[in-house]
Amino acid sequence: MSEPVLLRVYDVVAGPRCVDTADGQRVHDKIVPLLRTDTAVVLSFDGITMVITAFLNAAIGQLYGEFPEEKADRLVKIRDLLPVFQTTLDKSREWSKAYFRDPERLKRSIQEVMGDEE
Amino acid sequence: MIFYLPNIQSDFDGFNALTELHAAAQADKFREVEINLSRLTAFDANMCAPFGTVLAKLADAYKVISLVNAPATIQSILERNGFLANFGWAPLGDANPTSLPYQRFKLAETKLFDDYLAAHLPGKGLPTMTSEFALLFQQSLFEIFANASWHSDSKLGVFSCGQFFPMHHRLDISIADAGIGIPRKVNEAFGVTISPVAALRWVLQEGHTTKKGNPPGGVGLKLLKDFIQINGGCVQIASDRAFWQYHAGKESFSQFTQAFPGTVVNLEVNTDDPRIYHLAAMGGQA
Numbered sequence: 001m002s003e004p005v006l007l008r009v010y011d012v013v014a015g016p017r018c019v020d021t022a023d024g025q026r027v028h029d030k031i032v033p034l035l036r037t038d039t040a041v042v043l044s045f046d047g048i049t050m051v052i053t054a055f056l057n058a059a060i061g062q063l064y065g066e067f068p069e070e071k072a073d074r075l076v077k078i079r080d081l082l083p084v085f086q087t088t089l090d091k092s093r094e095w096s097k098a099y100f101r102d103p104e105r106l107k108r109s110i111q112e113v114m115g116d117e118e
Numbered sequence: 001m002i003f004y005l006p007n008i009q010s011d012f013d014g015f016n017a018l019t020e021l022h023a024a025a026q027a028d029k030f031r032e033v034e035i036n037l038s039r040l041t042a043f044d045a046n047m048c049a050p051f052g053t054v055l056a057k058l059a060d061a062y063k064v065i066s067l068v069n070a071p072a073t074i075q076s077i078l079e080r081n082g083f084l085a086n087f088g089w090a091p092l093g094d095a096n097p098t099s100l101p102y103q104r105f106k107l108a109e110t111k112l113f114d115d116y117l118a119a120h121l122p123g124k125g126l127p128t129m130t131s132e133f134a135l136l137f138q139q140s141l142f143e144i145f146a147n148a149s150w151h152s153d154s155k156l157g158v159f160s161c162g163q164f165f166p167m168h169h170r171l172d173i174s175i176a177d178a179g180i181g182i183p184r185k186v187n188e189a190f191g192v193t194i195s196p197v198a199a200l201r202w203v204l205q206e207g208h209t210t211k212k213g214n215p216p217g218g219v220g221l222k223l224l225k226d227f228i229q230i231n232g233g234c235v236q237i238a239s240d241r242a243f244w245q246y247h248a249g250k251e252s253f254s255q256f257t258q259a260f261p262g263t264v265v266n267l268e269v270n271t272d273d274p275r276i277y278h279l280a281a282m283g284g285q286a
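These protein sequences, in sequence, are chains Y and X.
Under the numbering used here, the first residue of the first sequence carries the number 1, and numbering increases by one thereafter.
Under the numbering used here, the first residue of the second sequence carries the number 1, and numbering increases by one thereafter.
If you're looking for bench data, these hints aren't it; they were derived computationally from the structure.
Even glycine gets a Cβ: it sits at the ideal position worked out from N, Cα and C.
27 angstroms max Cα-Cα, derived DSSO-like pairs, lysine-lysine: (1) Lys155/X / Lys57/X; (2) Lys111/X / Lys30/Y; (3) Lys155/X / Lys63/X; (4) Lys97/Y / Lys71/Y; (5) Lys155/X / Lys106/X; (6) Lys222/X / Lys107/Y; (7) Lys225/X / Lys97/Y; (8) Lys222/X / Lys97/Y; (9) Lys111/X / Lys124/X; (10) Lys111/X / Lys225/X; (11) Lys124/X / Lys225/X; (12) Lys57/X / Lys29/X.
Distance ranges between label pairs, derived from CB positions: (13) His278/X / Pro68/Y: 31 to 41 angstroms; (14) Arg79/Y / Ser131/X: 16 to 26 angstroms; (15) Gln229/X / Glu70/Y: 37 to 47 angstroms; (16) Ser254/X / Glu3/Y: 55 to 65 angstroms; (17) Thr130/X / Pro16/Y: 13 to 23 angstroms; (18) Asp272/X / Glu70/Y: 46 to 56 angstroms; (19) Phe87/X / Arg74/Y: 53 to 63 angstroms; (20) Glu3/Y / Lys106/X: 40 to 50 angstroms.
Covered stretches of chain Y, as calculated for chain X (at least 3 residues, CB under 8 angstroms): (21) 11–24; (22) 47–54; (23) 86–100; (24) 104–114.
In isolation and in its complexed conformation, chain Y is listed as follows (with noise of 0.2 angstroms):
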């Protein structure tokens, strides 16, 4: 098995605010052909003082949507966030897996808003 490649999101987003969804998408893009590979990612946030929601979802959510979730938790490791931004990485990652699993949950339950409207 490959070492597993360091990749600094500073870096890929040339700066230390993680708040645009096109940079979550090149980060996305970066790990999408080590994942390819089975080889595993240590994505570091060293040095980023800002991360959102939007970010994270393009950068990591939706890798659940192109990989086996038991993958995507085993390659792809975090180090270095800021632990204030814990609770936004656990978030985004649990609304993705849920997503995923079901991605007709959301229509389901918009329907059932419109049942009772009717």
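Dock chain X against the given chain Y, drawing on the hints supplied.
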């Protein structure tokens, strides 16, 4: 047409008046829209964000807008935050130290919004926060901006404006987009026809999203709601015909007479608040 603008404050009536201005001007057969400000005795400066959104939508529909007969006090409010400079008035040299100036961003300009907050939020009366809490408070404002840029399909950008009212112990920040609005977005995304209020109510539930094929994102409201409940402030969302307000631990929904042409999030902070905000007081999480 001539439209006499009534008072515009950060409440249901203020937003409703803007929906009526938009509907009346769009329906009028003439291109010229004269907005007469002579009846104004109050205009909350932060409401320049939704006002600017309406005017941008009208301009995009080839309407020619003029703002006339502003009473001196109102003119001063709209000049000092830079709003009138967007409509042919001479810009004022000195920015108002109590305002987060009116600014229009392109959807991808999240980093410019970052600079905007860094430049204008300090010194506006926010209650004392630990550095961790301040980070999550700022994160919530980014989540709102990101939602506007990611979900709204607003071709005209995102509009922001804020005002610290030292005498009234309030800080209001409004972030608006000129997109299709949450209700239409929900209906189009899922092929349903539910009412604007039901759609807004649905989207405000945790884990719900209108962006097909993408995991749900936070709308930045969880921390803000917890904060506002303790702080005694208020959060509002106006989108299409739907209006939501969270104040004193209670939420309420109402329906406008006409559609607002986009979505606005308005945050009102009580600045007469001696508490020190820290994560433990919020259950330790955002």
